[in-house]
Amino acid sequence: MIPFGFTFKKADLHQLSVQASILLCCNDSEEDMFGDYDSFCGNDSLLAQVDDIEHKYLQDKNMNVKAAREITVGNLQSGIHQKKQDNFSASEKPSVLKADEEAACQVHDRDLVDGSREPAESLLDDLPSSQLLYFEKMNELSSAFRMSPDSKGRSECVNSSSDKIRSPLSYCADAEHRNRPMDFSSDTKCVLLKTESLKDHLKSAMTGNAKAQTLQVSKTKQLKEAILSEEIFVARKAIESSSVDIGPFYGLPSKVKDLFRQLRGIETLYEWQHDCLMLESLQQRKNLIYSLPTSGGKTLVAEIMILQELLCRQKDVLMILPYVAIVQEKIRGLSSFGIELGFLVEEYAGSKGRFPPIKRRVKKSLYIATIEKGHALVNSLIETERISDLGLVVVDELHMLGEGSRGAILEITLAKILYTSKNTQIVGMSATLNNVGDLQKFLRAEYYTNNFRPVELKEYVKIRDTIYAVDSKTENGFTFSRLLNFKYSSYLEKADPDHIIALVTEVIPNYSCLIFCPTKKNCENVASMVCKYLKKEFRAHREKEKQDLVKNLKSIGNGSVCPVLKQTIPFGVAYHHSGLTNDERKSIEEAYSSGVLCLLACTATLAAGVNLPARRVILRAPYVANDFLKKNQYKQMIGRAGRAGIDDAGESILIVQEKDKHLVRDLVNSPLENCYSNLLLELTKGMQSLLLSLVGLKIAVTCDEVNNFMCGTLLGVQQQLLSKEKSLSELIKDGLENLIEKGLLKGRISEKGHNSECTLTITPLGKATYKGSIDLAYCNLLYRDLKKGLEGLILESNLHLLYLATPYDVTSSCSPDWMIYLRQFNQLSAAEQKVADIVGVPESFITKKASGQAIRKNVDSAVVNRLYLTFVLYNLVKETNIWNVSEKFNMSRGYVQNLLNSAASFASCLLHFCEELEEFWVYKALLTELTKQLTYCVKTELIPLMEVAGVLEARAKQLYNAGYKTLAHLANANPETLIKMIEHLSRRQAKQIVSSAKMLLSEKAEALQEEVEELLKVPTDIPGTH
4 MIPFGFTFKK
14 ADLHQLSVQA
24 SILLCCNDSE
34 EDMFGDYDSF
44 CGNDSLLAQV
54 DDIEHKYLQD
64 KNMNVKAARE
74 ITVGNLQSGI
84 HQKKQDNFSA
94 SEKPSVLKAD
104 EEAACQVHDR
114 DLVDGSREPA
124 ESLLDDLPSS
134 QLLYFEKMNE
144 LSSAFRMSPD
154 SKGRSECVNS
164 SSDKIRSPLS
174 YCADAEHRNR
184 PMDFSSDTKC
194 VLLKTESLKD
204 HLKSAMTGNA
214 KAQTLQVSKT
224 KQLKEAILSE
234 EIFVARKAIE
244 SSSVDIGPFY
254 GLPSKVKDLF
264 RQLRGIETLY
274 EWQHDCLMLE
284 SLQQRKNLIY
294 SLPTSGGKTL
304 VAEIMILQEL
314 LCRQKDVLMI
324 LPYVAIVQEK
334 IRGLSSFGIE
344 LGFLVEEYAG
354 SKGRFPPIKR
364 RVKKSLYIAT
374 IEKGHALVNS
384 LIETERISDL
394 GLVVVDELHM
404 LGEGSRGAIL
414 EITLAKILYT
424 SKNTQIVGMS
434 ATLNNVGDLQ
444 KFLRAEYYTN
454 NFRPVELKEY
464 VKIRDTIYAV
474 DSKTENGFTF
484 SRLLNFKYSS
494 YLEKADPDHI
504 IALVTEVIPN
514 YSCLIFCPTK
524 KNCENVASMV
534 CKYLKKEFRA
544 HREKEKQDLV
554 KNLKSIGNGS
564 VCPVLKQTIP
574 FGVAYHHSGL
584 TNDERKSIEE
594 AYSSGVLCLL
604 ACTATLAAGV
614 NLPARRVILR
624 APYVANDFLK
634 KNQYKQMIGR
644 AGRAGIDDAG
654 ESILIVQEKD
664 KHLVRDLVNS
674 PLENCYSNLL
684 LELTKGMQSL
694 LLSLVGLKIA
704 VTCDEVNNFM
714 CGTLLGVQQQ
724 LLSKEKSLSE
734 LIKDGLENLI
744 EKGLLKGRIS
754 EKGHNSECTL
764 TITPLGKATY
774 KGSIDLAYCN
784 LLYRDLKKGL
794 EGLILESNLH
804 LLYLATPYDV
814 TSSCSPDWMI
824 YLRQFNQLSA
834 AEQKVADIVG
844 VPESFITKKA
854 SGQAIRKNVD
864 SAVVNRLYLT
874 FVLYNLVKET
884 NIWNVSEKFN
894 MSRGYVQNLL
904 NSAASFASCL
914 LHFCEELEEF
924 WVYKALLTEL
934 TKQLTYCVKT
944 ELIPLMEVAG
954 VLEARAKQLY
964 NAGYKTLAHL
974 ANANPETLIK
984 MIEHLSRRQA
994 KQIVSSAKML
1004 LSEKAEALQE
1014 EVEELLKVPT
1024 DIPGTH
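Note that the sequence shown covers residues 4 to 1029 in the numbering used here.
Hints may contain errors.
List time: in silico PhoX-like cross-link candidates among lysine-lysine, alpha-carbon distance up to 20 angstroms [claimed, not checked]:
hint	residue 1	residue 2
1	Lys960	Lys362
2	Lys490	Lys538
3	Lys994	Lys258
4	Lys444	Lys461
5	Lys942	Lys994
6	Lys538	Lys497
7	Lys538	Lys554
8	Lys881	Lys852
9	Lys881	Lys366
10	Lys790	Lys837
11	Lys490	Lys535
12	Lys960	Lys554
13	Lys1020	Lys366
14	Lys461	Lys289
15	Lys1007	Lys968
16	Lys476	Lys634
17	Lys790	Lys745
18	Lys960	Lys1007
19	Lys736	Lys749
20	Lys983	Lys1007
21	Lys790	Lys852
22	Lys960	Lys927
23	Lys554	Lys524
24	Lys994	Lys260
25	Lys425	Lys444
The following label-pair restraints were derived from C-beta to C-beta distances [to be verified]:
hint	residue 1	residue 2	range
26	Tyr626	Asp737	49 to 55 angstroms
27	Leu487	Tyr626	20 to 26 angstroms
28	Gly407	Asp474	32 to 38 angstroms
These are calculated hints, taken from the structure and not from any lab test. Each residue gets a CB set at the ideal place from its N, CA and C atoms; glycine is no exception.
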């Protein structure tokens, strides 16, 4: 018997390999394949040689299991040492000994495979299939030596279940055998001693090999796949057993570690990230809230948890992000992981997203959603009884719970998950949390916090020409730092009284700088003013790339470029606010990230949006619009200072006028604002919307059940603080009565103590309202408008449909230019002019308004404004050029862009609303096409390319003109070829485009496959089969 730890020499292996091959070719008969092997080829037979080698290593008659164990322990120790060297963590703390020993056993068991990945790969490729199968058999035998009786039972269970798994994650029926810790109990010693000799094993292996077919697939590829699958299998089993050491990389295959290195440049985790991932509460699948300063690396921890859920626990994941731009950025960033690791990444933002999502048979899905779409997705999963498929929900910017209607929607979403799925884990993260106790109680969560920041942040305030360091230890909160060293002429002093030029020229052009301004107009003024007084040397810095950026912006605007940007970009300066189009914003962000632009004058929205850090952050004034800065906003803005891996430190400078000095002192030294429920403040989007969907989804259909649910919301936790006049049950009663009055619910609300079990039911209109995510303030009005449209829908053009798809909530901010209104009206055909009459805006009204005459007839201003915005959308859909339309209507192009985005989203909601009401069947097909037109607003041939995350109109045109005309073209493109053919495309962007296209193509193919399998599935209730 060969002792554990025994290995053949390479020469022996080669010789045995050749002879085994000859042997197997000699005889096809299983019965007498070996016969009396001693006389088969005399003393030179293969098996005789094996016998000799075996005895040579067993000459010492006293060698027993103890010796074998010593060899094993030696290997174990080297395995432990190797594992510690490879551990992907900055933490130097030793792990639990027991966990290390188990991990070491796993490393030892994989030594043969891992060690052969590079030098031995070619050797294994040269071996015949029979030899490979032989090694596999030997591997199983060595596992059998180490198996304990109870682990054997578990392995049988694994083997029986693993046959069902056929994804790339699971080619590992025997993975548990190969990764189980060794057990040298007395029983196992007996097994070792009784085990039959190697000759017999080889003999039986050869018998099977002779009948085995030659492998057609690359053996190297098979080995790599087997290693990845085995690691995933081990990780999954380890997580299920709540082991402390959960695998090669936090329960994930080592390939994940390699992907983070290749795609993100991440070599090691910060110590806090390691500690957080190893929290006992996470191992026990408790909910978690964690809070760290901006740029601390919170997202990476969330991504590792997401991958654990998708790969190891085989559950779907929902990630909720605050803005569409961040959703698209995350889609681009994670698509590469999905392609490599075999899961789907699905976008739920704007008008995108399928309700309910397709139920996948094999691959798991990562849904990346905005707050609104995340809520609709959760509703659809509850309705189809699939909420338990959701293993994990990750919420970024958890502090948004306290921000208006979006906060109310987020609270509703999380409360529903908590109430309907006991197995779904919720993880929330934020840089700005204060009353964590309330949030912990609401989410039933543990809390982890750390003050870690990869780059030190130095906070300053500037008063006149003096800079003070923020120091909470001193009496007045500030200590003198320095005087500004910049000579100002009297003329420059008047133009730049806040010394912005002095502050920015200390860092640009070699380093980056952000200036946060209170208003959009202020951003443009600051950018222009800075460039006016910068030296000409600034133009020389990366001049060619800045010229290319101006050309790119010109092509985006079809020949038009913003005069401010045309003036500022040559100096490396630009502005960034909601007045830019999506394409312009993306181009400016990319140029800033790559260092072509070194200074951005921006509004507060950039602080909460995409990640654009800087060496220095300047706050132009302690205001956002006319409101004094909140501590949360201040923290988010200054959090952009300091770029990990580039800067040693980051600086923030708040420019303060003398009159605001005391307010700023309070601001920098005050705690963060508390996070309060918005369910009461946002009544139609909050409390009433929640009550309606609770009944509609049958989560709670009696007053008692509704009361029970509401106690579990953040409002329920904070009811004493937020509602002093009425109790929670009274608020619920008022809300339900209001819904019954609106015709959205049916039932009777009894007085307290009288038949509180009366069941409430939802009306068709109520169901359509919550499924379409329609604001309850407009649902009855929308129903009337659609009903009226049925009486005479004008389909000569899509003007009438566009009116119905124009959002109600944007009309209040619109002030029509009456001359433009009249000009647009006169350009309509007779049938289109009739639309204005049908909706209630007669031609005479527009004419009188344009000529300044008095109006006697009362016309609804909301309808008038809505039709004006419809004209804007009508021109957009016809021309597909935001620049031309914004000039035609004298609006900012950013306003037109936002109107288009809102209309696309509302059209999608309208479609879901109409799907629930049979009387509106005619709208379904019409709205499907209209939603697509509004979502992309480009020529039809560009739509397939714009479906790819991050590909906007300008890029789609470039790709189309270069010959990439379909999704398949992009999915199969070579990134290096793309870089050569497409101007202003970086290698990183090219790789992301290809990955996103592959992911989208894979998703569509999977959906079709699911449809095919569903069609071919044999029904279980065929009559006469039982």
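Verification of the hints:
{"no.": "1", "hint": "Lys960 to Lys362", "in the structure": "violated (34 angstroms)"}
{"no.": "2", "hint": "Lys490 to Lys538", "in the structure": "holds (14 angstroms)"}
{"no.": "3", "hint": "Lys994 to Lys258", "in the structure": "holds (18 angstroms)"}
{"no.": "4", "hint": "Lys444 to Lys461", "in the structure": "violated (34 angstroms)"}
{"no.": "5", "hint": "Lys942 to Lys994", "in the structure": "violated (25 angstroms)"}
{"no.": "6", "hint": "Lys538 to Lys497", "in the structure": "holds (18 angstroms)"}
{"no.": "7", "hint": "Lys538 to Lys554", "in the structure": "violated (23 angstroms)"}
{"no.": "8", "hint": "Lys881 to Lys852", "in the structure": "violated (27 angstroms)"}
{"no.": "9", "hint": "Lys881 to Lys366", "in the structure": "violated (40 angstroms)"}
{"no.": "10", "hint": "Lys790 to Lys837", "in the structure": "holds (17 angstroms)"}
{"no.": "11", "hint": "Lys490 to Lys535", "in the structure": "holds (16 angstroms)"}
{"no.": "12", "hint": "Lys960 to Lys554", "in the structure": "holds (15 angstroms)"}
{"no.": "13", "hint": "Lys1020 to Lys366", "in the structure": "holds (19 angstroms)"}
{"no.": "14", "hint": "Lys461 to Lys289", "in the structure": "violated (36 angstroms)"}
{"no.": "15", "hint": "Lys1007 to Lys968", "in the structure": "holds (17 angstroms)"}
{"no.": "16", "hint": "Lys476 to Lys634", "in the structure": "holds (18 angstroms)"}
{"no.": "17", "hint": "Lys790 to Lys745", "in the structure": "holds (17 angstroms)"}
{"no.": "18", "hint": "Lys960 to Lys1007", "in the structure": "violated (23 angstroms)"}
{"no.": "19", "hint": "Lys736 to Lys749", "in the structure": "holds (14 angstroms)"}
{"no.": "20", "hint": "Lys983 to Lys1007", "in the structure": "violated (29 angstroms)"}
{"no.": "21", "hint": "Lys790 to Lys852", "in the structure": "violated (29 angstroms)"}
{"no.": "22", "hint": "Lys960 to Lys927", "in the structure": "violated (30 angstroms)"}
{"no.": "23", "hint": "Lys554 to Lys524", "in the structure": "violated (24 angstroms)"}
{"no.": "24", "hint": "Lys994 to Lys260", "in the structure": "holds (19 angstroms)"}
{"no.": "25", "hint": "Lys425 to Lys444", "in the structure": "holds (16 angstroms)"}
{"no.": "26", "hint": "Tyr626 to Asp737: 49 to 55 angstroms", "in the structure": "violated (38 angstroms)"}
{"no.": "27", "hint": "Leu487 to Tyr626: 20 to 26 angstroms", "in the structure": "holds (22 angstroms)"}
{"no.": "28", "hint": "Gly407 to Asp474: 32 to 38 angstroms", "in the structure": "holds (34 angstroms)"}
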